[in-house]
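Q: The lines below spell out each chain.
Number of protein chains: 2
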Amino acid sequence: MSVGLTAPATGELQPIPGIRIGITQAGVRKAGKDDLAVMLLPEGATMAGVYTLNRFCAAPVTLCRERRDSDVAPRALVINTGNANAGTGKDGMARAQSICRTLAGRLGCDELGVWPFSTGVIMETLPSERIIDALPAAVAEAVEDNWLRAASAIMTTDTVPKGRSLTRVIGGASVTVTGIAKGSGMIQPNMATMLGYIGVDAQVPQPVLQAMLDEVTQESFNRVTVDGDTSTNDAFMLIANGRPGSLTVDSVEDDSYAALRDAVAEVAVFLAQSLARDGEGATKFVTIEVSGGRDRAECRQVGKAIAHSPLVKTALFASDPNLGRILAAVGYAGIDDLDVGRVGLWLGDVRVVVDGGRDPDYIEADAAAVMAEPEISMRIDLGRGLAVDQVWTCDFSYDYVRINAEYRS
Amino acid sequence: MSVGLTAPATGELQPIPGIRIGITQAGVRKAGKDDLAVMLLPEGATMAGVYTLNRFCAAPVTLCRERRDSDVAPRALVINTGNANAGTGKDGMARAQSICRTLAGRLGCDELGVWPFSTGVIMETLPSERIIDALPAAVAEAVEDNWLRAASAIMTTDTVPKGRSLTRVIGGASVTVTGIAKGSGMIQPNMATMLGYIGVDAQVPQPVLQAMLDEVTQESFNRVTVDGDTSTNDAFMLIANGRPGSLTVDSVEDDSYAALRDAVAEVAVFLAQSLARDGEGATKFVTIEVSGGRDRAECRQVGKAIAHSPLVKTALFASDPNLGRILAAVGYAGIDDLDVGRVGLWLGDVRVVVDGGRDPDYIEADAAAVMAEPEISMRIDLGRGLAVDQVWTCDFSYDYVRINAEYRS
Numbered sequence: 000m001s002v003g004l005t006a007p008a009t010g011e012l013q014p015i016p017g018i019r020i021g022i023t024q025a026g027v028r029k030a031g032k033d034d035l036a037v038m039l040l041p042e043g044a045t046m047a048g049v050y051t052l053n054r055f056c057a058a059p060v061t062l063c064r065e066r067r068d069s070d071v072a073p074r075a076l077v078i079n080t081g082n083a084n085a086g087t088g089k090d091g092m093a094r095a096q097s098i099c100r101t102l103a104g105r106l107g108c109d110e111l112g113v114w115p116f117s118t119g120v121i122m123e124t125l126p127s128e129r130i131i132d133a134l135p136a137a138v139a140e141a142v143e144d145n146w147l148r149a150a151s152a153i154m155t156t157d158t159v160p161k162g163r164s165l166t167r168v169i170g171g172a173s174v175t176v177t178g179i180a181k182g183s184g185m186i187q188p189n190m191a192t193m194l195g196y197i198g199v200d201a202q203v204p205q206p207v208l209q210a211m212l213d214e215v216t217q218e219s220f221n222r223v224t225v226d227g228d229t230s231t232n233d234a235f236m237l238i239a240n241g242r243p244g245s246l247t248v249d250s251v252e253d254d255s256y257a258a259l260r261d262a263v264a265e266v267a268v269f270l271a272q273s274l275a276r277d278g279e280g281a282t283k284f285v286t287i288e289v290s291g292g293r294d295r296a297e298c299r300q301v302g303k304a305i306a307h308s309p310l311v312k313t314a315l316f317a318s319d320p321n322l323g324r325i326l327a328a329v330g331y332a333g334i335d336d337l338d339v340g341r342v343g344l345w346l347g348d349v350r351v352v353v354d355g356g357r358d359p360d361y362i363e364a365d366a367a368a369v370m371a372e373p374e375i376s377m378r379i380d381l382g383r384g385l386a387v388d389q390v391w392t393c394d395f396s397y398d399y400v401r402i403n404a405e406y407r408s
Numbered sequence: 000m001s002v003g004l005t006a007p008a009t010g011e012l013q014p015i016p017g018i019r020i021g022i023t024q025a026g027v028r029k030a031g032k033d034d035l036a037v038m039l040l041p042e043g044a045t046m047a048g049v050y051t052l053n054r055f056c057a058a059p060v061t062l063c064r065e066r067r068d069s070d071v072a073p074r075a076l077v078i079n080t081g082n083a084n085a086g087t088g089k090d091g092m093a094r095a096q097s098i099c100r101t102l103a104g105r106l107g108c109d110e111l112g113v114w115p116f117s118t119g120v121i122m123e124t125l126p127s128e129r130i131i132d133a134l135p136a137a138v139a140e141a142v143e144d145n146w147l148r149a150a151s152a153i154m155t156t157d158t159v160p161k162g163r164s165l166t167r168v169i170g171g172a173s174v175t176v177t178g179i180a181k182g183s184g185m186i187q188p189n190m191a192t193m194l195g196y197i198g199v200d201a202q203v204p205q206p207v208l209q210a211m212l213d214e215v216t217q218e219s220f221n222r223v224t225v226d227g228d229t230s231t232n233d234a235f236m237l238i239a240n241g242r243p244g245s246l247t248v249d250s251v252e253d254d255s256y257a258a259l260r261d262a263v264a265e266v267a268v269f270l271a272q273s274l275a276r277d278g279e280g281a282t283k284f285v286t287i288e289v290s291g292g293r294d295r296a297e298c299r300q301v302g303k304a305i306a307h308s309p310l311v312k313t314a315l316f317a318s319d320p321n322l323g324r325i326l327a328a329v330g331y332a333g334i335d336d337l338d339v340g341r342v343g344l345w346l347g348d349v350r351v352v353v354d355g356g357r358d359p360d361y362i363e364a365d366a367a368a369v370m371a372e373p374e375i376s377m378r379i380d381l382g383r384g385l386a387v388d389q390v391w392t393c394d395f396s397y398d399y400v401r402i403n404a405e406y407r408s
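So the protein sequences, as listed, match chains A and B.
According to numbering that gives the first Met the number 0, the residues represented by the first sequence are 0 to 408, in order.
According to numbering that gives the first Met the number 0, the residues represented by the second sequence are 0 to 408, in order.
Treat each hint with caution, since some may be false.
[Claimed, not checked] Negatives, chain B to chain A, calculated, CB over 12 Å:
#: 1; residue: Asp70
#: 2; residue: Gly104
#: 3; residue: Thr124
#: 4; residue: Thr166
#: 5; residue: Gly244
#: 6; residue: Ala258
#: 7; residue: Gly333
[As the list claims (entries may be wrong)] What follows is a list of derived Cβ distance ranges for each label pair:
#: 8; chain 1: B; residue 1: Asp338; chain 2: A; residue 2: Glu128; range: 49 to 57 Å
#: 9; chain 1: A; residue 1: Ala296; chain 2: B; residue 2: Pro204; range: 42 to 50 Å
#: 10; chain 1: B; residue 1: Pro204; chain 2: A; residue 2: Thr61; range: 40 to 48 Å
#: 11; chain 1: B; residue 1: Glu372; chain 2: A; residue 2: Gly43; range: 57 to 65 Å
#: 12; chain 1: A; residue 1: Ile362; chain 2: B; residue 2: Gly31; range: 23 to 31 Å
#: 13; chain 1: A; residue 1: Arg64; chain 2: B; residue 2: Asp358; range: 35 to 43 Å
#: 14; chain 1: B; residue 1: Glu363; chain 2: A; residue 2: Ile362; range: 52 to 60 Å
Simulated from the structure, these hints should not be mistaken for lab results.
By construction, the Cβ of each residue, glycine as well, lies at the ideal position given by its N, Cα and C atoms.
Just chain A, with the same shape it has in the complex (with noise of 0.2 Å):
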């Protein structure tokens, strides 16, 4: 199940003009499922994108940052799930750039202009045979409108397909941005456990696209965890189709960088949010607030204390407001010099803790009220600083347990 989310409706992910999408059934794991995407590029397209930063992070990644190195202009992203072609060594480098060199083949254009991702299991072996061999059918399929399909062959334990789309009007162009994203448990930042594709309709320099991925990255993918876990294929990539009459973005510092970062920022939050609401076994959407902390970073490492406890977690699933818990994270983050008789607490509008301590108006039956929804928002005053930041996260439930003690079976 996920929490208050539902799959884009039909028509409703914007194509973004020249980018193409191919799926097919590869059989990577199982038959009969969507597990192949092609995503075709137009000419004079750039893409932006970040990484996990799992020492043992999978051949895709590392043939992505190679790719990123190289001057070659990207063509294609090929993306299967089933198999996450990691912990797998040379031979799992070897298969990934077949895929990539075939796909450039019948493309036409330089090998490192094909950049590959995967998603699934780690430690086994990609069956590339099968996903080069279905290669020509998603090259054949390729059309512009299939970000929603794409969405759902992306999937692994997700249960619905992510997307978002927006149109703003920017510098008296309209641009429309386009994203998908998968991913649902080893979801951790840096990256969140996840493959996520944001088109835009414009024209970014490839550095300035980079810059605006980075900022909105932290904004959006690293606010969001559901274990902790980073996983060893993460990838986020921003692409700008480069149309020549769309809206063009020569700098950081143009007026429109800011706006197009912000629609590009919008359709991020709700895939990372996306996440959380579809963590495994999720039954409650959790944003963790931290306000008055000296900087944003401690006050990040405040919330993730919080979003990864598992005490706290599971006291969501049950609905329970045991304050403890949620107090006993805010006192292991790691800020040394806290002064904890100056730590507030809010469940919704509900105020539990004052000067680190019960306070006296508390009523347990208002905070147990919050709790019973679904949505739940809390906030933790450091007392300290004027700086705020936000996690998403989810409980901790039965399910979660039962997904991942299964999940190779």
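Following the hints, complete the assembly by docking chain B onto the known chain A.
A: Frame of chain A, contents of chain B only:
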């Protein structure tokens, strides 16, 4: 349930001469359960302690630190279960102090000679009146041979009382060491969420005893983790009875120091492992050995990343040799310059990863056989040094969620 853990047999926990323990039912949280223990120390006893690093430490921990910093000799410990007296502000401090003052009056000692300890629910008012009313009965009943009953009286969600005794001949003297501990959830070192008390029949000046406790804690309780949550109330105390004629250890340089420390460590390691064996919902006891590190700290850091991963823990519950999750945890453990191409992994005696990739000779059935056992050991070699460390943990089951979702109800 617990893994490979049985309660100490009657008579197994040897008394420490001069240390008398009285137990009674104060009705702190529920009626009809032993929930109050008073430990009375003889003249000349010394005591060392280590406490939680949680900034939201409970009132009794704050009071223990005050007593540590005073010159008053310890005369009594008063320990209640059912209520942690944490997050209770000034009222909580006053209540803990009134308990100490009352017991001190009864014993005719300084208030600072009475050390309070509490464990149980957080952020609820400690019913100090009921504890005060029960003190006379506890004192009246105090006898030396009461460690086993104390081990039961301090339990919260523990399913088995935890205790161990041993006798060693050191420097020609026969020395008894007896310890008890409680704790099964909110267990993460520095300290593990736990209360632990070890008594030794020896004369040891306080600074020497403290040095010994600090060393022992590093190799015992700081190696165990259940869920990564650090409690507000942890305390681990080492008490030397100071009996005239018993072994005297005057300095950390004495030969007898190392021998006594090893004996205390043996008891502490047993108790620490007992916490993981009785971890909430535990069905597996897991030893994670990390070798080949540059220093012990980084070995422990990697061990804890694995031990804290909900994905690894649910795979352990499922007896699934999901190697990818283990490697992923190694990869995000925070060793930035880790060369993953040198990492090796063994499940039991089965080598599953070599040079960062799957061992070509690995047969999953062999690893599955290891994972099916209730006691599992894994070894990770980082391939960059000579340091080794160990972490003990348990798996993450449906019952962990159930226990923690229902704890307050």
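Q: Is 40 to 48 Å right for how far apart the beta carbons of Pro204(B) and Thr61(A) are?
A: violated, 58 Å
Q: Measuring from beta carbon to beta carbon, are Glu372(B) and Gly43(A) in 57 to 65 Å?
A: At roughly 59 Å between Cβ atoms, Gly43(A) and Glu372(B) fall inside 57 to 65 Å, so the hint holds.
Q: Asp338(B) and Glu128(A), beta-carbon distance inside 49 to 57 Å?
A: violated, 31 Å
Q: Assuming the hint says 35 to 43 Å, is it satisfied by the Cβ distance from Arg64(A) to Asp358(B) or not?
A: Cβ of Arg64(A) to Cβ of Asp358(B): about 27 Å, so the range 35 to 43 Å is violated.
Q: Is the nearest Cβ of chain A still more than 12 Å from the Cβ of Gly244(B)?
A: holds, 44 Å
Q: If you check the beta carbons of Ile362(A) and Gly31(B), does the distance land in 23 to 31 Å?
A: holds, 30 Å
Q: Could you check that no beta carbon of chain A comes within 12 Å of the beta carbon of Ala258(B)?
A: Holds: least Cβ distance 35 Å, greater than 12 Å.
Q: Does the no-contact call for Thr166(B) survive, Cβ to all of chain A over 12 Å?
A: holds, 38 Å
Q: Confirm or reject the statement that Thr124(B) sits farther than 12 Å, beta carbon to beta carbon, from all of chain A.
A: At roughly 9 Å from the nearest Cβ of chain A, Thr124(B) sits no farther out than 12 Å, so the non-interface label is violated.
Q: Does the claim that Gly333(B) lies off the interface hold, with its Cβ farther than 12 Å from every Cβ of chain A?
A: Its Cβ does come within 12 Å of chain A, the nearest being 9 Å, so this is violated.
Q: Just tell me: holds or violated, for the beta carbon distance of Ala296(A) and Pro204(B) against 42 to 50 Å?
A: holds, 44 Å
Q: In terms of Cβ atoms, is chain A entirely out of 12 Å range of Asp70(B)?
A: holds, 27 Å
When each numbered hint is compared with the structure, violations occur for hints 3, 7, 8, 10 and 13.
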